[in-house]
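K.L.:
Sequence:
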Amino acid sequence: GIDAVSGATALDVLKFRGALTIDETWTATNGFGQLAGVGWEWINAGFLIGGIYLLATRTITAMAPLGMLVALTVCAVLFYDSGSSQSLGSPLFHLFSGATMVGAFFIVTDPVSSPDSALGLWIFGLGVGMLTFLVRAIGAYPDGLAFAVLLMNALVPLIDHLRLRRI
Numbered sequence: 001g002i003d004a005v006s007g008a009t010a011l012d013v014l015k016f017r018g019a020l021t022i023d024e025t026w027t028a029t030n031g032f033g034q035l036a037g038v039g040w041e042w043i044n045a046g047f048l049i050g051g052i053y054l055l056a057t058r059t060i061t062a063m064a065p066l067g068m069l070v071a072l073t074v075c076a077v078l079f080y081d082s083g084s085s086q087s088l089g090s091p092l093f094h095l096f097s098g099a100t101m102v103g104a105f106f107i108v109t110d111p112v113s114s115p116d117s118a119l120g121l122w123i124f125g126l127g128v129g130m131l132t133f134l135v136r137a138i139g140a141y142p143d144g145l146a147f148a149v150l151l152m153n154a155l156v157p158l159i160d161h162l163r164l165r166r167i
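Positions 1 to 167 (full-length UniProt numbering) are the ones given, in order, by the sequence shown.
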């Protein structure tokens with residue numbers, strides 16, 4: 001029997017769908033759930049619950065994750081065109097597909113590579129969110145979180161050098 005099935009992620013299908021509208025893409029591809037890829041919205045929801053738990057237990061601070069999610073949402077809202085063939089995807093699609101939630105709560109919050117100040121954490125999170133959207137929208141790769149985090153990590157010394165108030 002078949003042990004596993006592999007296929008394109010929801011972000012990959014959206015990126016390379018040709019001239020299909022979002023509704024046509026959802027209909028033509030059985031790999032989509034209500035918000036993102038089948039199962040991916042649930043995986044991201046699980047990471048969101050885990051992130052809320054980490055926030056509630058004060059294991060992480062909210063600045064970088066909220067900055068990332070706010071920036072990604074604002075960019076997705078600004079460039080969403082209700083599903084045309086050129087659409088970049090809805091805000092919910094961007095929030096619940098790819099590595100969004102694991103990135104927001106488990107990667108962006110890494111204390112070793114994050115800025116030292118509260119404002120620096122906001123800048124870092126906002127930068128990761130905007131760069132993630134940019135790579136998803138105009139880059140060659142479907143999910144841009146890894147690139148966004150690496151690029152913003154390169155800017156952390158500059159952010160810290162601004163001598164912002166420490167947490």
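Fair warning: there could be bad hints in the mix.
What the hints assert, rightly or not - Label pairs and their computed distance ranges (CB to CB): (1) 70 / 49: 17 to 23 Å; (2) 138 / 53: 22 to 28 Å; (3) 52 / 158: 27 to 33 Å; (4) 82 / 119: 33 to 39 Å; (5) 58 / 81: 14 to 20 Å.
These are calculated hints, taken from the structure and not from any lab test.
All residues carry an ideal CB built from backbone N, CA and C; glycine is no exception.
K.L.:
Hint by hint, say whether it matches the structure.
P.N.:
Quick rundown of the hints versus the structure:
At about 19 Å, the CB distance of residue 70 to residue 49 agrees with the hint of 17 to 23 Å. Evaluation of the 22 to 28 Å hint for residue 138 and residue 53 yields a failure: the beta carbon distance comes to about 35 Å. Our hint of 27 to 33 Å for residue 52 and residue 158 holds, since their Cβ atoms are close to 31 Å apart. Judged by the Cβ atoms, the range 33 to 39 Å given for residue 82 and residue 119 holds: they are separated by roughly 35 Å.
Between residue 58 and residue 81, the C-beta spacing of about 40 Å breaks the proposed range 14 to 20 Å.
The structure is inconsistent with the numbered hints 2, 5, although it conforms to all the rest.
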